[in-house]
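Asker: Each chain is listed here by its residues.
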Amino acid sequence: MNDSKIPAWVNIIVLPLINILFAFAFSAIIFIAVDVNPIEAAKTMISGALGYQEGIGYTFYYATNFIFTGLAVAVAFSAGLFNIGGEGQAYIGGLGVGLACLGLDHTLPFWAILPITMFASMAFGALWAFIPAYLQAYRGSHIVITTIMFNFIASSLMVYLMVNVLNQKGQMAPVSRVFESAAVLPGFHEIVGWFGLSFSESPMNLSFLIALLCCVLVWLLLWRTRWGYAIRAMGASPSAAEYGGINRKRLIIIVMLISGALSGLLSLNEVQGYGQQLKLGFVAGYGFTGIAVCLIGRNHPFGIILASVLFGILYQGGAELSFDFPNIDREMIQVVQALVVLFSGALSLMLVKPTERLFVYLDAKKKPKNQLAAEA
Amino acid sequence: MYESIILILDATLRVSAPLILAALAGLFSERSGIVNIALEGKILASAFAAAATASITGSVTLGLLAAMATSVLLAMLHGFACITHRGDQIVSGVAINMLAAGLTVTLGRYWFGLGGQTPPLSQGERFTSITLPGADAIADVPVIGLLYSELISGHNILVYLSLLIVPVCWWIIFKTRFGLRLRAAGENPHAVDTAGISVAWLRYRALICAGILTGIAGAYLSTAHSAGFVPNMSAGKGYIALAALIFGKWKPVPVLWGCLLFGFLDAMAIRLQGAELPFIGEIPVQAIEILPYVLTVLLLAGFIGRAVGPKSIGVPYVKSR
Chain U
1 MNDSKIPAWV NIIVLPLINI LFAFAFSAII FIAVDVNPIE AAKTMISGAL
51 GYQEGIGYTF YYATNFIFTG LAVAVAFSAG LFNIGGEGQA YIGGLGVGLA
101 CLGLDHTLPF WAILPITMFA SMAFGALWAF IPAYLQAYRG SHIVITTIMF
151 NFIASSLMVY LMVNVLNQKG QMAPVSRVFE SAAVLPGFHE IVGWFGLSFS
201 ESPMNLSFLI ALLCCVLVWL LLWRTRWGYA IRAMGASPSA AEYGGINRKR
251 LIIIVMLISG ALSGLLSLNE VQGYGQQLKL GFVAGYGFTG IAVCLIGRNH
301 PFGIILASVL FGILYQGGAE LSFDFPNIDR EMIQVVQALV VLFSGALSLM
351 LVKPTERLFV YLDAKKKPKN QLAAEA
Chain G
1 MYESIILILD ATLRVSAPLI LAALAGLFSE RSGIVNIALE GKILASAFAA
51 AATASITGSV TLGLLAAMAT SVLLAMLHGF ACITHRGDQI VSGVAINMLA
101 AGLTVTLGRY WFGLGGQTPP LSQGERFTSI TLPGADAIAD VPVIGLLYSE
151 LISGHNILVY LSLLIVPVCW WIIFKTRFGL RLRAAGENPH AVDTAGISVA
201 WLRYRALICA GILTGIAGAY LSTAHSAGFV PNMSAGKGYI ALAALIFGKW
251 KPVPVLWGCL LFGFLDAMAI RLQGAELPFI GEIPVQAIEI LPYVLTVLLL
301 AGFIGRAVGP KSIGVPYVKS R
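Taken in order, these protein sequences are the chains called U and G. Heads up, the first sequence is in my numbering, so the first residue is 1 and it goes up one at a time. Heads up, the second sequence is in my numbering, so the first residue is 1 and it goes up one at a time.
Do not take every clue at face value.
Claimed, not checked - List of simulated lysine-lysine pairs, DSS-like, C-alpha gap at most 25 Å: (1) U:5 / G:319; (2) G:319 / U:353; (3) U:353 / U:367; (4) U:5 / U:249; (5) G:311 / U:249; (6) U:353 / U:365.
To be verified - Some, not all, of what chain G presents toward chain U, calculated at C-beta under 10 Å: (7) 77; (8) 116; (9) 119; (10) 314.
Source of the hints: derived by calculation from the structure; they are not laboratory data. Keep in mind that this is a model prediction, so the values were computed, not measured. A virtual CB, placed ideally from N, CA and C, is assigned to each residue, including glycine.
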């Protein structure tokens, strides 16, 4: 069945790593172009992201967001759907979390609120994915275009709500009141505190553990259930899947609901953990980063964890970078991210042909010797 | 009343110009079979290139050329990824959008030290408005005077260019051999290949056309509409243009109407801010803002008419062996 001339380990490990190296090499060129020594910059980034406990906390706080959005993209990708609307789904998911917190934080204790906010984030995110999914499944409109449009609609809707409905009485700022402490997710430093350990205070919080749990669940879903089999079958060949008795329309909707719910969970970290109030623009491009994370993580939950930590390091390291180097700010990280998407995603097939030729050449070199040996 | 209608239409033209240019760019690329969600990034990058070049050299023409060159370069990157290496066109588009957003600010900070902005451009470094002959003379004539002097006269050259380019694009796409082949590449690339014509080269040329047009759209934003570049100044215009392209069903003249409609909505949104309408009350600006997106979604879903794109759009062409 496998007619590739390239050994599996090269395909799964070596080629993706070379693609990332390409991205970093081009990033280094841009660092040099703005008068920054890329090696110094890399050192600053790594020590800033992993060198001390607070930095590590920030790194994993960012990674939490990327795990959620990366998984969201991956689940849809497995079914051959491109969900580019993580941005909007997470935003609306945040609305759900915010409403639940604002409504309940005076009356319920944390352990009662958490399941409700989790459900709210997932339900609101899934709802925002449902309409594009329905339109794709039953009306044939292209999901990429509709999810892009829904990102903009979500953003306008949130501006309207924050400016006119959810802001505090008599104040101009488009932010809700700060949640009572009963609603706020415990920080990682508090959680390790329960076990008698200590960790510096950082925005990393309980949602990181929820994110890891989601990785396990997504892995189980995709590789250990009938639905997962159907999803991957549809991704591999929609017509074959349909022929095999899979209800394509229903599956598109199920997949997008799961994907939207995962995007929505991001807001646990951003709204209930970090921001502790509803405000504008808290998704801040994390939904798009999810695409990069999914591409590097090769659609696999384990790969997504690694890729998320990598991007966490880039984000946190990038923030540190802007303190030390006046020529750079956070936007530079977006350039690195763009190059990663370019090389690991759009140009991922670039190296396949030359590698194939290399292995064919190596094979051809081996053969005459074998033949000689056989004759002798 | 008459005066405010003229003023709104005048604003509509100014807001629509970059949309028309970008949507026609998308038309070239999508008609040839390449999805172009990178319009946004190309507009942004060329807006930066135009303002930066104009501010350094003092020449607005060089700025325009730099904008077109930058945008064509990004289009070639898109082509290199999706035509030559058969990469995913949407992923490549996302990458270009991110690259433009990041690079413009990074380079802008380094070159000008103004937090990503370019220095404000003086009159000579911008496209200024042109007063058509006789506009001042008949300005006082009732009805026609205002129409001519405010709405028709007094725009910069790129606005007129964007309107003139619509029939030119229509002619290229529907009346030339290149246009026929380009449309065929988007519908049935195998047929094009069988006729002995290179699908890849056709698509590259379509992307070059798209690059030139988005370059002009970008230059319009930073050197005609405003006086200088500010970070993220494209602000979703590329996506609105994409919506207009779908709204116009991938045909030049309907695309023009789509752009004018979305431009009109934009102009209305600014005008209606905080205004009370009879019977309805105050309309939230956001409700008008989202109309282009909602209309496009409805149209795509077939609730109001039907928009069907080129058949082979988004599919990398693999020569059968």
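Asker: Next pair to validate is residue 5 of chain U with residue 319 of chain G; report whether the Cα-Cα distance is within 25 Å.
Answerer: holds, 20 Å
Asker: Please verify whether residue 311 of chain G and residue 249 of chain U have alpha carbons no more than 25 Å apart.
Answerer: Roughly 21 Å between the alpha carbons, so the hint for residue 311 of chain G and residue 249 of chain U holds.
Asker: Restraint: residue 119 of chain G near chain U, CB-CB cut 10 Å. Satisfied or not?
Answerer: Interface hint status for residue 119 of chain G: violated (18 Å vs cutoff 10 Å).
Asker: Take the C-alpha atoms of residue 353 of chain U and residue 365 of chain U, compute the straight-line distance between them, and say whether it is at most 25 Å.
Answerer: holds, 18 Å
Asker: Please work out if residue 5 of chain U and residue 249 of chain U have their alpha carbons no farther apart than 25 Å.
Answerer: violated, 36 Å
Asker: Could you check if residue 116 of chain G really has its C-beta closer than 10 Å to a C-beta on chain U?
Answerer: Interface hint status for residue 116 of chain G: holds (7 Å vs cutoff 10 Å).
Asker: Quick check on residue 77 of chain G please, does its C-beta sit within 10 Å of some C-beta on chain U?
Answerer: This hint holds: residue 77 of chain G lies near chain U, its Cβ roughly 8 Å from the closest one there, short of 10 Å.
Asker: Hold the hint about residue 314 of chain G up to the distance rule: shortest CB distance to chain U must be less than 10 Å.
Answerer: holds, 8 Å
Asker: Is residue 319 of chain G close enough to residue 353 of chain U, meaning Cα to Cα at most 25 Å?
Answerer: holds, 15 Å
Asker: Are the Cα positions of residue 353 of chain U and residue 367 of chain U separated by 25 Å at most?
Answerer: Given that 25 Å is the threshold and the Cα spacing comes to 21 Å, the pair holds.
In summary, the structure is inconsistent with hints 4 and 9 from the numbered list given earlier, while agreeing with the others.
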